[in-house]
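A.B. asks: Each residue of the sequence shown is one higher than the one before, starting from 4 at the first, in the working numbering.
Treat the hints with care, since some could be wrong.
As the list claims (entries may be wrong) - 27 Å max Cα-Cα, derived DSS-like pairs, lysine-lysine:
#1 LYS100 with LYS111
#2 LYS114 with LYS93
#3 LYS93 with LYS111
Bear in mind the hints are in silico, worked out from the structure with no lab data behind them.
Keep in mind it's a predicted model, so treat the numbers as computed, not measured.
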Amino acid sequence: EEGSQNKKRRAENRRENGFYMIFGESILGKLAMTFLMAMVPVVELRGAIPLGVAAGLPPAVAAVTAMAGNLTPVPCILLLLRRVFALMRKSAWLGPKVDRLERRAHLKGRKVRKYRTLGLVLLVAIPLPGTGAWTGALVADVLDIRMRTALPAIAAGVVIAGCITTAVTCGVADVRGGNAQKPHAIS
4 EEGSQNKKRR AENRRENGFY MIFGESILGK LAMTFLMAMV PVVELRGAIP LGVAAGLPPA
64 VAAVTAMAGN LTPVPCILLL LRRVFALMRK SAWLGPKVDR LERRAHLKGR KVRKYRTLGL
124 VLLVAIPLPG TGAWTGALVA DVLDIRMRTA LPAIAAGVVI AGCITTAVTC GVADVRGGNA
184 QKPHAIS
């Protein structure tokens, strides 16, 4: 009976404390949560760094962990995307979605096509919706940018985006007024 009460208390704590408690309160759990969240398209660094800091990780640790997680799927995307899209096109339901995704990548890729590597870095570096490592990898693939050029450009963009996101998360940059504040000491 005591074991079942402990189980109930733990489940109640998870509900009260939110999603991140699934990974536990250990440093390893917080690192895993931050790493995995950064791998998710759309969320990427923009969500993973603030989540890691909110979970109690030091900002630098959250940033490096999120950058590593964000970069992890990129080589697979660059290597396998065309094959996956070819398989998806065989489906009547998925085929039009693939076509729409490629059209959007071509639209995002206009600046990348013009500036090539620098354009790809900038596309990934701006931490706004519709940008990031996943979009950069998709655009690189659609524009036939070779992996040896695309991967370092995407990595540079991820580092820049990670620094910007960390600065905004920590309050170093006041986005509204540009007032710099002293960073808080990490305990």
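A.B. asks: If a hint holds in the structure, say so; if it doesn't, say that too.
C.D. replies: Structure-based check of each hint:
no., hint, in the structure
1, LYS100 with LYS111, "holds, 17 Å"
2, LYS114 with LYS93, "violated, 31 Å"
3, LYS93 with LYS111, "holds, 25 Å"
Hint violations for this structure: number 2 only, all remaining hints satisfied.
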